[in-house]
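Protein chains: 4
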Amino acid sequence: MKPDVRKEVLTRLRSIAGHVRAVERMVDEDRYCVDVLRQTMAIEKALERVDGLLLEGHLQTCVADAFREGRSGETVKELSEIFNTARR
Amino acid sequence: MKPDVRKEVLTRLRSIAGHVRAVERMVDEDRYCVDVLRQTMAIEKALERVDGLLLEGHLQTCVADAFREGRSGETVKELSEIFNTARR
Amino acid sequence: MKPDVRKEVLTRLRSIAGHVRAVERMVDEDRYCVDVLRQTMAIEKALERVDGLLLEGHLQTCVADAFREGRSGETVKELSEIFNTARR
Amino acid sequence: MKPDVRKEVLTRLRSIAGHVRAVERMVDEDRYCVDVLRQTMAIEKALERVDGLLLEGHLQTCVADAFREGRSGETVKELSEIFNTARR
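Residue numbers (this note's numbering), protein chains in the order written: chain P, 1033 to 1120; chain E, 1033 to 1120; chain V, 1033 to 1120; chain W, 1033 to 1120.
Same shape as in the complex, but just chain P (with noise of 0.2 Å):
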């Protein structure tokens, strides 16, 4: 993983943490189902937004290295199932 981009999954990764206690507090304090949902719900868009930047991070390193390499028929298999794990 390049530097830049592990120190931004980092930082995501810590807030997305402190985002998932703050909705254990609010079921703690029985507050409104849907309120509660509407917040797991963004924890999970947030985490996506880290998935994009680790493919990209992906595409942009390893990727690119096993395609010039000749190592390329792990690295689709690996990028369609990533694909595919992402849709369901």
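Read the hints as simulated data drawn from the structure, not as lab findings. This structure is a prediction, so every number in the text was calculated from the model and none was measured. There's no promise every hint is true.
When chains are identical, the list treats them as one kind, so a pair holds in a single copy or across two.
The calculated lysine to any residue pairs, modelled on SDA-like cross-linking and capped at a C-alpha distance of 25 Å, are [stated by the list, open to error]: (1) K1034 x R1053; (2) K1039 x L1085; (3) K1109 x D1062; (4) K1034 x A1096; (5) K1034 x E1080; (6) K1034 x R1044; (7) K1039 x D1067.
Let chain P serve as the given structure and place chains E, V and W on it in line with the hints.
Same frame as chain P, now just chains E, V and W:
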């Protein structure tokens, strides 16, 4: 929120918070980006299962009450909004 | 289904059928795969908007009736199932 | 697009077009909205499988060529865009 749903949601949120911290460590240790990506996507699936619990609880309690008491307009709007957010 | 929802859903489904045929032609003409992919994903979004209309209509009619008539159990199960299918 | 992928994609798109027409008939006959919704969601899944085929073909041909020929920048941008659109 019904007590059993609340308890189950809390247990799952704690487990999800632990999972997020574990992924932070993976990034800190500069692990392979595809392995990190698989974990962030697994956390999203875990959060979606929490959404499912929250929604089912919401339908059984708040939505049932709202329809019985003739306050269905706002509830229908909220459910449509949740459904549309869930797909995006 | 309410007549206005039904009419709107039919109009959109006809437009979607035309879009699918247009994509078939693109594939027949061996167009760039990313352009084809953008179109199939656009059709999915169009179908999701139809889902949104169907669900909103369902909530305003069948669900409202079911809750008023004390048949909420089956309705809650159906809505949870729809929500979970929509996310997968 | 490789000939076998193209043939498979065309077969699936024709089946999807038939499925859309069948759903139009269901709406015309005023069938239960949840049954219609289940079918529109099934068509989305069928389209997502076409996306999977298109992407895998794209990775094996255009992407492989682009990386080998040093034109990786545009390809990385396209793949990131596809991934992000797929999640929305």
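Of the hints given before, which are not true for this structure? none
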